[in-house]
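**Q** Residue numbers for the sequence shown follow our numbering, beginning at -14 and rising by one.
Hint data in this document are derived by calculation from the structure and do not stem from the laboratory.
Model, not experiment: these values are computed from the prediction.
Certain hints may be false.
[Said to hold, decoys possible] Within a straight-line C-alpha distance of at most 27 Å, the following computed DSSO-like cross-link-like pairs (lysine-lysine) qualify:
no.	residue 1	residue 2
1	K366	K325
2	K366	K318
3	K314	K325
4	K386	K325
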Amino acid sequence: LKFESVWLAAMKIPVNRGVTMPAGLPPPWIMGGAGIGAVMIWKRRQLGVFASLSKDFVVHMPSCLSGVRGVGELFSRLKTMLFIAWLESNHRGNVIDAEAIYGAQAVADDEGLLFQTGTLAHVRTAIDFSKAHARRAAVGTPVLHDIVLIGGGHSHVHVLRMLGMEPEAGVRLTLISRDVMTPYSGMLPGHIAGWYTRDEVHVDLVKMARHANARFVHASVTSIDRENRLIHCNDGRPPIRYDFASINIGCSPTFLGRSGYESVAEAREVGVTAVKPIDNFSARLDDILARVDDNTEIAIVGGGASGAEVAMALRARLITILGASSGSKVAIKLIGRGEKLCPNHGPAVQQVMMQVVRERGIELHTGQEVVGVENGTLVTKKGDRISFTEALWCTQGAAQKWLS
């Protein structure tokens, strides 16, 4: 980049696409090669990767710089190539350092070792910064505030991450969660489709708490005494005091007008599985897929975006498991009380979603509000009956009962 700025200053040529190449200059690929070569020679003295980078750029340079129509375009491409050269030289330097410490085979087996070497200065700085703050917060600083995080939802994971990077002196942090692994809902359709494993869509809360130097309480909250600022859990431990409390526990499934975790067990007895909470559904999904065959009928109750996503992701998973022919024959029924899918979206989105769902071979039942389940059939408000083998409930959730 220094070479480029000096070159432009010497030539006094403005950088824009409208300027044509002055007469008498060498071909663009030679000019670009000269600039890249100068920078790579300078980099060689620092990282020792000149030879390998030279070979790569000589091979790709003619194609990268072909068709240049002006000085502005030439230096735009050159700038991009120089930036790529800088990234690649740093990466190869990291590999060299890591191999010298851990061995070539160890680095090949675990690329994470690259982030433990001294060449990644930005990572080292962040780690040192966090440790320095942790030392200041832990040594000689009394606990002035107790902050309790109830639940391991997305917001609390982010809080743990940020406080781990920059701790606050005088703050004692406590995380209370009934789950050790918390799911990321944005990856649920990909998990259903088989793109992500169960471990890949979950965050380890124990590790996050350790990162933030927080206490981790593996329990469920049963009530909050706001007058005395005490949190009661279901494991018999003494109440946990708080100065500030945050609740991020997600919603509870609604099943025929009832809410609460006991309804999940009741629903499963009649073949209905609630998608929320996600962790319960993820475990149940494996059981459902293990029993699926050509006679299986899967009903998905809920015509919103989540119901449509689950239906299409499930179709993709069935095709992967059973093959294109058999997987397409398994009946998937999407049931919504509105006349269109995705009622909270605009007409264009609704139309496209209806079309795509039909293209996936999913049976649509719009304008049907489910009010009951009887002997393997869903009973709608209109009196219609829709048969099913497994039913997935994707309707709107409700607040958990203990909050009342």
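**Q** Hint by hint, say whether it matches the structure.
**A** Taking the hints in turn, this is what the structure says about them:
no. : hint         : in the structure
1   : K366 to K325 : holds, 17 Å
2   : K366 to K318 : holds, 17 Å
3   : K314 to K325 : holds, 24 Å
4   : K386 to K325 : violated, 31 Å
When each numbered hint is compared with the structure, a violation occurs for hint 4 only.
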